[in-house]
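A.B. asks: Chains as they are written, first to last, in my numbering: chain A, 39 to 279; chain B, 39 to 279; chain C, 39 to 279; chain D, 39 to 279; chain E, 39 to 279; chain F, 39 to 279.
Check the hints yourself; a few may be wrong.
Heads up, the list lumps identical chains together, so a pair's fine if it works in one copy or across two of them.
[Claimed, not checked] Computed cross-link-like contacts, DMTMM-like style, restricted to lysine to aspartate or glutamate with a CA-CA straight-line distance of at most 25 Å: (1) Lys-151 <-> Asp-218; (2) Lys-242 <-> Glu-254; (3) Lys-151 <-> Glu-251; (4) Lys-274 <-> Glu-231; (5) Lys-257 <-> Asp-196; (6) Lys-257 <-> Glu-121; (7) Lys-151 <-> Glu-121; (8) Lys-151 <-> Glu-254; (9) Lys-242 <-> Asp-218; (10) Lys-242 <-> Glu-172; (11) Lys-151 <-> Glu-172; (12) Lys-242 <-> Glu-121; (13) Lys-151 <-> Asp-47; (14) Lys-151 <-> Asp-258.
Hints are computed from structural coordinates only; laboratory data are not their basis.
Each chain is listed here by its residues.
6 protein chains.
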Amino acid sequence: MSGFSTGQDDAELRATLTEVTTATATALLVQRGYPNAYMSEARPIQAGARACGRAVTIRFGPMRPDLAVRLEDRTAHMWQAIESLSLGDVLVIDCGGDTRGGTVGDILAARIKRLGGVGVLIDGAIRDPAQIRELVGLPAWARGTHGSGYPPYLVSLDWGRPVRCFGVTVLPGDYILADDDGAVAIPATLAVEVAEAGVETERKETFIRGLVEEGESIKDVYPPNEATLRRYEASKREAGR
Amino acid sequence: MSGFSTGQDDAELRATLTEVTTATATALLVQRGYPNAYMSEARPIQAGARACGRAVTIRFGPMRPDLAVRLEDRTAHMWQAIESLSLGDVLVIDCGGDTRGGTVGDILAARIKRLGGVGVLIDGAIRDPAQIRELVGLPAWARGTHGSGYPPYLVSLDWGRPVRCFGVTVLPGDYILADDDGAVAIPATLAVEVAEAGVETERKETFIRGLVEEGESIKDVYPPNEATLRRYEASKREAGR
Amino acid sequence: MSGFSTGQDDAELRATLTEVTTATATALLVQRGYPNAYMSEARPIQAGARACGRAVTIRFGPMRPDLAVRLEDRTAHMWQAIESLSLGDVLVIDCGGDTRGGTVGDILAARIKRLGGVGVLIDGAIRDPAQIRELVGLPAWARGTHGSGYPPYLVSLDWGRPVRCFGVTVLPGDYILADDDGAVAIPATLAVEVAEAGVETERKETFIRGLVEEGESIKDVYPPNEATLRRYEASKREAGR
Amino acid sequence: MSGFSTGQDDAELRATLTEVTTATATALLVQRGYPNAYMSEARPIQAGARACGRAVTIRFGPMRPDLAVRLEDRTAHMWQAIESLSLGDVLVIDCGGDTRGGTVGDILAARIKRLGGVGVLIDGAIRDPAQIRELVGLPAWARGTHGSGYPPYLVSLDWGRPVRCFGVTVLPGDYILADDDGAVAIPATLAVEVAEAGVETERKETFIRGLVEEGESIKDVYPPNEATLRRYEASKREAGR
Amino acid sequence: MSGFSTGQDDAELRATLTEVTTATATALLVQRGYPNAYMSEARPIQAGARACGRAVTIRFGPMRPDLAVRLEDRTAHMWQAIESLSLGDVLVIDCGGDTRGGTVGDILAARIKRLGGVGVLIDGAIRDPAQIRELVGLPAWARGTHGSGYPPYLVSLDWGRPVRCFGVTVLPGDYILADDDGAVAIPATLAVEVAEAGVETERKETFIRGLVEEGESIKDVYPPNEATLRRYEASKREAGR
Amino acid sequence: MSGFSTGQDDAELRATLTEVTTATATALLVQRGYPNAYMSEARPIQAGARACGRAVTIRFGPMRPDLAVRLEDRTAHMWQAIESLSLGDVLVIDCGGDTRGGTVGDILAARIKRLGGVGVLIDGAIRDPAQIRELVGLPAWARGTHGSGYPPYLVSLDWGRPVRCFGVTVLPGDYILADDDGAVAIPATLAVEVAEAGVETERKETFIRGLVEEGESIKDVYPPNEATLRRYEASKREAGR
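Construct the complete structure from the given sequences, taking the supplied hints into account.
C.D. replies: Here it is in structure tokens:
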């Protein structure tokens with residue numbers, strides 16, 4: 039039934055999801071029992087960018103020197119996580135909201151982009167946002183900015199495991215969809231469903247907004263009653279969809 | 039004495055107020071005993087827009103299912119408040135700062151605009167800010183953005199009554215003036231006075247800034263002493279005002 | 039050894055520092071034992087501006103009427119601090135994070151600029167940011183915006199003494215460097231060192247980012263190992279630096 | 039079927055509810071679709087007190103002088119609300135979390151108690167908690183304490199309407215149950231059900247805790263499996279309940 | 039007219055103020071134009087203690103190593119401030135609310151007490167509160183507790199100057215009055231007036247509370263009308279005051 | 039050299055650590071390069087209790103229904119972590135500061151105690167604190183209290199891994215020391231050292247406090263100069279230690 043066949047290319051799925059707004063995806067997830075998937079505090083470092091990719095996760099905690107020693111160097115997890123990236127991934131960094139150290143700067147961002155990464159999402163601070171935006175061109179969302187690298191105050195704990203990010207539990211492999219309004223974590227098992235329903239929802243809402251702009255009262259058309267839904271279906275037939 | 043006659047059109051008053059900055063209106067209200075009229079956390083979703091209109095208020099609280107049931111549907115107050123709008127109104131939404139659900143999205147915004155509403159001010163979250171800004175064209179100020187509609191976490195309590203909004207008590211009928219810097223609630227009884235004094239204040243401050251830019255010390259001209267005020271009056275006479 | 043001779047013009051030092059990003063300056067200060075010099079909450083009122091100047095400090099506290107009386111008028115410290123400014127100074131205002139009153143508006147900003155001030159940094163609220171940005175042209179960083187002047191809620195305590203600003207201790211005479219990402223306080227004794235090392239760091243990071251963009255793994259080049267450093271030195275010789 | 043007959047005295051219902059902990063009542067409300075009924079920030083001014091009563095609500099907002107004037111005096115709503123109290127009521131005060139003014143002090147508390155009020159619950163500040171606790175003897179829960187009365191910063195907006203209180207929507211007539219751990223709002227239509235199920239839940243949990251204290255693993259008894267539930271039922275029969 | 043003659047001992051004034059609650063002192067200061075004198079976040083480390091003394095102030099900021107060096111050691115200001123204390127002083131410590139380091143521990147508290155200090159008030163963290171309470175016996179109010187001393191994160195900036203403390207400007211020489219509910223800063227010039235009016239206010243409120251407890255409505259007696267005030271005056275004459 | 043031999047019983051080490059205050063342990067860890075080991079927001083549910091045990095960790099995140107399904111039931115990790123406890127363990131629960139659901143209630147606390155657990159430390163909410171304190175007798179520290187269990191808003195992510203707790207990174211096996219003032223995480227490799235140095239530090243500080251109470255100036259004895267240290271050593275010899 040799905041427009042996405044078994045052999046559906048992940049790139050196509052991500053491309054379709056990218057046409058869906060975070061608002062629409064969030065609402066569809068609410069309807070499917072996920073009221074807590076939206077990350078409003080995820081601020082973009084650029085205007086107008088949209089990204090969709092699979093989450094690769096890494097987790098940071100407040101610095102303690104024995105961890106830095108035990109991991110041989112203070113960057114091991116981060117370097118492993120980044121080198122694991124492949125086309126269509128988003129690096130998701132859980133700092134517990136701690137913004138006392140920039141985690142990704144322009145050089146790491148360049149590597150992420152080179153490996154096919156399509157974005158970074160940081161519940162903490164980013165470093166060098168201007169260079170990442172203008173020189174590297176990697177879309178990024180973060181809670182804040184910090185001039186320092188992370189070692190003085192933060193240390194990585196592990197990567198590739200579930201994380202908390204802006205009040206949402208993110209699992210490795212979730213689809214992260216992000217735009218100017220924030221980000222949303224879409225469980226992999228729901229991604230096709232959200233992509234298909236999302237495109238349809240955007241069309242229906244555009245149709246309804248058109249009616250409202252022509253002067254119809256919201257009482258009749260939003261949420262749409264039976265008559266309005268029939269008019270929408272008719273409009274689709276007319277448009278040959 | 040007032041430049042606004044009895045028959046003064048409300049549209050003219052709103053137009054005059056729109057020439058006044060929120061900063062100037064705030065300062066004039068402080069002088070008149072209202073130190074708490076400014077809403078600095080009211081963030082615009084667009085750059086450069088200015089709006090002035092009369093407040094139509096609605097109040098939301100955390101969801102409880104019996105309220106949703108008792109009101110027949112979860113949107114009754116909101117739909118009533120919006121359909122009550124007429125030319126020159128601003129919809130003021132008190133969510134108590136709770137940003138867990140977007141209250142107004144692009145379709146409601148389209149209806150508000152169609153009915154003559156000139157803006158929305160939300161102490162909570164807005165939904166679809168990009169579409170509201172670019173497709174609908176309704177100026178809006180909010181505390182945050184949320185991808186979901188409001189029903190999962192919020193429910194309307196009443197409308198048309200006093201509300202708290204960004205730490206300011208707003209009464210129905212107050213004039214809401216908003217620009218890039220925030221918003222201010224002007225009691226209806228003071229609106230003409232603020233409009234007139236505001237325009238005069240903007241002129242006087244422009245005059246003083248000119249003197250400062252020419253090199254005069256602030257000790258003499260700001261706040262203006264008698265001599266400076268006389269120079270200002272002279273400049274007005276020269277300009278034929 | 040330093041590229042800055044004894045007679046080094048302060049203007050030249052400030053110009054060199056302005057080429058360094060706040061991120062680079064912050065990291066260099068961390069390496070020199072100053073992990074707490076960066077102010078991430080210092081939000082610019084304009085995009086793209088960079089400023090560097092010596093701190094002139096002033097401190098505000100919550101209003102109490104006896105202080106306002108004793109100082110003859112409520113603005114004495116502020117006026118003195120501003121009139122003390124000379125070429126290359128930055129006015130640093132410590133309000134303890136209290137944003138209930140705008141401290142600097144367009145007229146004071148015009149005076150600051152006229153006297154040679156290169157920026158203001160306010161751990162509190164600014165007033166009239168649009169006019170300061172567009173009419174006055176003085177770069178400014180603040181925690182928030184407020185429409186009112188400061189007298190209703192704030193009063194100056196003293197000026198020319200150490201202050202706290204966005205969680206950083208700032209001394210009079212520190213070099214304040216600020217850009218889109220925030221601000222950093224550079225102790226005067228370290229300013230030359232940070233300027234020189236900063237320019238070198240920016241060059242080296244640009245070189246490394248280039249390698250990464252060409253496809254080299256971060257494991258080899260970032261942080262740079264011996265071989266990478268030799269390649270960088272070779273590149274400098276080639277460039278004739 | 040209910041242990042509470044039609045003629046059930048409200049006092050008996052309140053007495054039964056008072057035997058239920060806020061934790062048990064909260065969990066029962068979660069099961070009935072009310073996940074948002076508990077107020078953890080409601081701090082008691084006394085240790086060990088428990089209270090249960092029907093909510094009489096009043097709402098405050100930031101001061102504006104025209105409201106104080108229009109209501110003839112600044113205390114009208116508060117005095118009306120208090121004089122409306124009868125046996126078994128709890129005064130619920132919504133200040134929006136604003137603690138800049140004490141709302142109820144020892145004299146108002148004495149009046150509340152004299153009229154039969156069984157407690158006050160304030161999402162704001164209380165005044166004179168030591169005297170209310172030791173001299174008046176009225177149980178109270180609040181967010182904070184303030185030495186001043188409310189007029190300098192707060193003004194009443196209305197009373198007898200829905201309010202927000204510690205992140206919970208409270209309706210007039212809700213049963214407020216409060217103890218050392220916080221407070222919970224129980225919709226009037228669910229009060230009998232919560233009272234009956236609550237007493238049963240407390241008994242069952244005491245039975246299970248007994249098993250655990252004797253060494254049984256939580257895997258078998260908590261949550262109780264069929265066998266454990268049968269043992270509980272048997273224990274009730276033995277106890278003659 | 040005053041009960042305090044010219045030769046009034048400061049100890050007697052402090053003793054009288056100690057009979058006044060922080061609530062009453064705060065209300066009297068509001069009436070005299072000081073709406074911002076109360077510190078509700080000042081939490082006592084002991085129950086039931088009351089203290090009143092003259093403020094000796096010290097100010098801390100985030101650590102920077104050059105300050106620690108320049109002051110020869112990191113404790114110079116603190117040691118000077120403490121050794122300056124004499125009978126009836128309260129040490130007031132402004133850490134800007136930063137609780138990352140305990141400022142006063144049991145040994146410094148012992149010295150403060152030995153020198154006649156009657157309390158400490160810390161807008162920051164205290165160390166060793168149990169020992170200070172139980173072994174040293176010095177009343178203390180603070181924002182929090184920290185196990186570490188202050189040097190890792192904080193450094194003193196100066197002492198004997200105006201400070202901000204829990205959102206209140208405190209001047210050296212202010213009378214600090216503190217009890218279970220918080221603390222209040224009383225300007226020295228108002229201390230006698232607050233002491234006298236405070237004792238009278240406590241008496242009048244006790245009289246009114248008595249009337250309320252006997253069943254009179256607050257509408258008649260609180261705030262007291264003319265008749266109630268006459269009854270109070272009569273009660274005073276009867277009591278021979 | 040150590041007073042703890044190779045065969046040192048862990049119980050003895052924990053007993054010795056329990057004699058050390060969290061303040062002393064924190065200061066010793068600062069000296070050893072761990073400035074971030076103290077958890078000041080860990081509030082005890084009882085007065086006067088002290089606990090020391092090895093950390094067993096569990097991590098919670100915001101609820102998502104697929105996790106609850108995949109783990110077969112919503113409590114699996116928690117039940118496993120608790121059943122893994124043995125004598126001298128402390129259960130450490132990382133909820134990311136989210137207090138929307140009580141994690142441990144009286145029944146789980148009873149099981150923890152039965153298995154030899156000596157405390158729980160929750161960066162989130164506890165349930166039933168009164169029963170845990172009075173009926174179960176298990177010491178507990180938490181950020182808040184919640185009446186509900188955790189399933190509505192929280193779900194466990196994993197256990198037995200590093201966690202963040204009150205701003206401190208805690209590893210499984212760390213010694214958690216907690217008292218009225220908060221909690222501290224002591225790396226296992228430093229536990230013997232902190233225990234020994236801690237007892238000595240407590241003795242030395244008691245000696246110094248005694249000198250101060252007898253009237254010596256802190257300038258000479260705190261921090262102790264050479265002469266004071268010699269007096270302390272002499273006092274130890276006298277006491278036969």
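A.B. asks: Next step is simple, just say for each hint if it's right about the structure.
C.D. replies: Hints, one by one, checked against the model:
1. For a Cα distance limit of 25 Å, the shortest separation of Lys-151 from Asp-218 qualifies both inside one copy, at 20 Å, and across copies, at 23 Å.
2. Proximity of Lys-242 to Glu-254 under the C-alpha cut-off of 25 Å is restricted to the intra-copy arrangement: shortest distance 15 Å within a copy versus 47 Å between copies.
3. Proximity of Lys-151 and Glu-251 under a CA criterion of 25 Å is satisfied inter-copy only: 8 Å between copies versus 42 Å inside one chain copy.
4. Taking the shortest alpha-carbon separations for Lys-274 and Glu-231, only the intra-copy value of 20 Å comes in at or below 25 Å, while the best inter-copy value is 50 Å.
5. Taking the shortest alpha-carbon separations for Lys-257 and Asp-196, only the inter-copy value of 18 Å comes in at or below 25 Å, while the best intra-copy value is 52 Å.
6. In this homomeric assembly, Lys-257 and Glu-121 come within 25 Å of each other (Cα to Cα) only across copies, at 9 Å, whereas the closest approach inside a single copy is 54 Å.
7. With identical chains, the CA atoms of Lys-151 and Glu-121 are at most 25 Å apart within one copy only, with a shortest distance of 11 Å there and 45 Å across copies.
8. For a Cα distance limit of 25 Å, the shortest separation of Lys-151 from Glu-254 across copies, 12 Å, qualifies, whereas the shortest one inside one copy, 47 Å, does not.
9. For the identical chains of this complex, Lys-242 and Asp-218 are intra-copy neighbours only, at 22 Å inside a copy versus 33 Å across copies, given an alpha-carbon limit of 25 Å.
10. Within a single copy, Lys-242 and Glu-172 get their C-alpha atoms only as close as 36 Å, which misses the 25 Å cut-off; across copies the closest is 18 Å, which meets it.
11. In this assembly of identical chains, Lys-151 and Glu-172 lie within 25 Å of each other by CA distance solely inside one copy; the values are 13 Å within and 30 Å between copies.
12. For the homomeric pair Lys-242 and Glu-121, the shortest alpha-carbon distance between copies (22 Å) is at most 25 Å, but the shortest distance inside one copy (41 Å) is not.
13. For a Cα distance limit of 25 Å, the shortest separation of Lys-151 from Asp-47 inside one copy, 20 Å, qualifies, whereas the shortest one across copies, 42 Å, does not.
14. In the homo-oligomer, the alpha carbons of Lys-151 and Asp-258 lie at most 25 Å apart only across protomers (17 Å), although the nearest pairing inside one protomer, at 48 Å, exceeds that limit.
When held up to the earlier numbered hints, the structure conflicts with none and fits them all.
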